[in-house]
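Protein sequences, first through last, are from chains A and B. Start counting the first sequence at 2; every next residue gets the next number (this note's numbering). Start counting the second sequence at 374; every next residue gets the next number (this note's numbering).
Simulated from the structure, these hints should not be mistaken for lab results.
Think about it this way: if two alpha-carbon atoms lie no more than 25 Å apart in a straight line, the pair counts; the simulated DMTMM-like pairs of lysine to aspartate or glutamate are:
| # | chain 1 | residue 1 | chain 2 | residue 2 |
| --- | --- | --- | --- | --- |
| 1 | A | K49 | B | D468 |
| 2 | A | K49 | B | E747 |
| 3 | A | K57 | B | D715 |
| 4 | A | K71 | B | D723 |
| 5 | A | K38 | B | E761 |
| 6 | A | K68 | B | D723 |
| 7 | B | K423 | A | E56 |
| 8 | A | K57 | B | E747 |
Some residues of chain B that are not near chain A, with every Cβ distance over 12 Å (derived):
| # | residue |
| --- | --- |
| 9 | E387 |
| 10 | K423 |
| 11 | N425 |
| 12 | D550 |
| 13 | N568 |
| 14 | R576 |
| 15 | D584 |
| 16 | D615 |
| 17 | L626 |
| 18 | K627 |
| 19 | D671 |
| 20 | S706 |
Predicted model, so just to flag it, every value in this text is computed and none were measured. Backbone N, C-alpha and C fix where the C-beta goes; we use that ideal spot for every residue, glycine too.
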Amino acid sequence: MNHNIDFIEQWIEPGSRVLDVGCGDGALLASLRDQRKVLGYGLEIDPKSIGSCLEKGVNVIEHDLNKGLKNFADQSFDTVLMTHTLQALRYPHLVLDEILRIGGKGIVTFPNFGNWRTRAYLSLRGRMPVTKQLAYQWYDTPNIHFFTYADFEALCKERNINILHRQFLTHGFPDRLLKSVWPNLFTETAVYHLSR
Amino acid sequence: MSLETSDKQKDLSESVGWVKPQKVLIEQPLKLACGVVLPSHTLVYETYGKLNKECSNAILICHALSGNHHAAGFYKEDPKPGWWDQYIGPGKPIDSNRFFIVCVNNIGSCFGSTGPASDNPDTGKPFGANFPPLRARDWVESQRLLMAHLNIDCWAAVVGGSLGGMQAMRWSLEHPDKLQHAVVIASSMKLTAQNIAFNEIARKAIKSDADFCDGNYLQENKIPHRGLALARMIGHVTYLSDELMGQKFGRDLKAGDLLQGKTEPVEFQIESYLNYQGDKFSDFFDANSYILITKMLDYFDLAREYNHDPVAAFRHAKCKFLVVSFSSDWRFSPARSREITDALIAAGKDVSYIAIDSDHGHDAFLLPNQRYQEALGGYLSRLADQLEGVQ
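Only chain A is shown next, with the shape it has when bound in the complex:
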């Protein structure tokens, strides 16, 4: 599940302002600070993760995403990042709007529910998938939306969001090869660079 997304650094201008919404332990922001000299801030609610950010010297703001992002002014950041959080929020489409209101560009990543493992799990076992990527039981999971990258692209079209770049990530040998033929089947994590 921990795909390396260091390649997104090339989508981020050196010295720019970055907001990482749901920044976890701050590793990505620390790397962006050191490699791209960005002025970055992370939003996080988990005390342990916040502690890790402080120890790394990463700017971290304790913030409950369910209370929205109204604290942040329009276009106050060059890039707003959101890694593996979209599927856990009540209204992902409104969050996307907020990301592109606050940031000139947005970068989002999410688990692709169209992956063959989740499809096989549901269709063969008749049970909601519990995989490495989605490692929770249905009744106790932060992931309250399941969608594929095709669903996501349809939403972007509907809401006039431009897709600047996309990257599909997967683990393992045959999957990586097969991803180019059947991307929805063999993508575990989808990464999008967006603007409006």
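Starting from the structure of chain A, add chain B where the hints point.
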């Protein structure tokens, strides 16, 4: 008895140990914001830990309304440690093994530094109510003179809770090159009307005491004990939370009972506690200092001279910030800390903000709390690593 002794030994080994205050006469004139010049002034302060060769590891602790220079360690004659001993000491969040820590009793207060109870050199009598009005910036300016006396060119951090946080923010704007970090705890960029209201009730309580004598009680050999105790009782209620008072005291009775047919008076535990706190406070604090410093709080408005724009104000800062709030603090609520944080982000300054869950109201910033200790410790230990060249 032996248990008490071993408890104290344990405390001593975990604290900076025995401490003694130092006194310095600052002979440079201090021009106050009100225009009055103090030709010289006395400061009482304590230090813990060692200043390194580069003089780069100094942390200034700024006290709040009723605080003083005795922030950590023990006096021989007093079983209680300094007011922030939980946070300052060897291996503690503000680590005396790694930092040189300075805490000064600010002018206008009443623990040995020049204040209303000191003699006015012009008249030979106590300043009393004639002590010039003070602003937080006057405390910062006086601290800067002490800093020069101690041969410190730049603070590694200026740290303070409540009014102490206001000083840390003022430092960042007045002397941006003289601090690397500002730690602003349970503070605010300005008081709300409700805050000013509580302060005015406290002042009125003091002034209503016949022994106040218009502020000249020292010449009259009187002390406005009742007024000052009442002021403290009001303040104390606002520093606690409803939840905590409920947990700690509830409706428990100290005396009497509420059964029908009883005539003796009933005293609730909270009444007894508040009266005790008020009386204790009025024994050691000066009434004129209380009035002076509550006014200083009321007057504080970080962004007033920056067109009331906190973002414009913070653009002048060069240091990094840590902002801390406590969930049940209704005197300086988390929303006030978030305003500071949002202004700093908009001004493009490095800032982290943590919102600590606590039932202890405004007083939480003084009390043990694991998450608060770890966060403050984690932030400052990274700073110490950088100063010591550890990667």
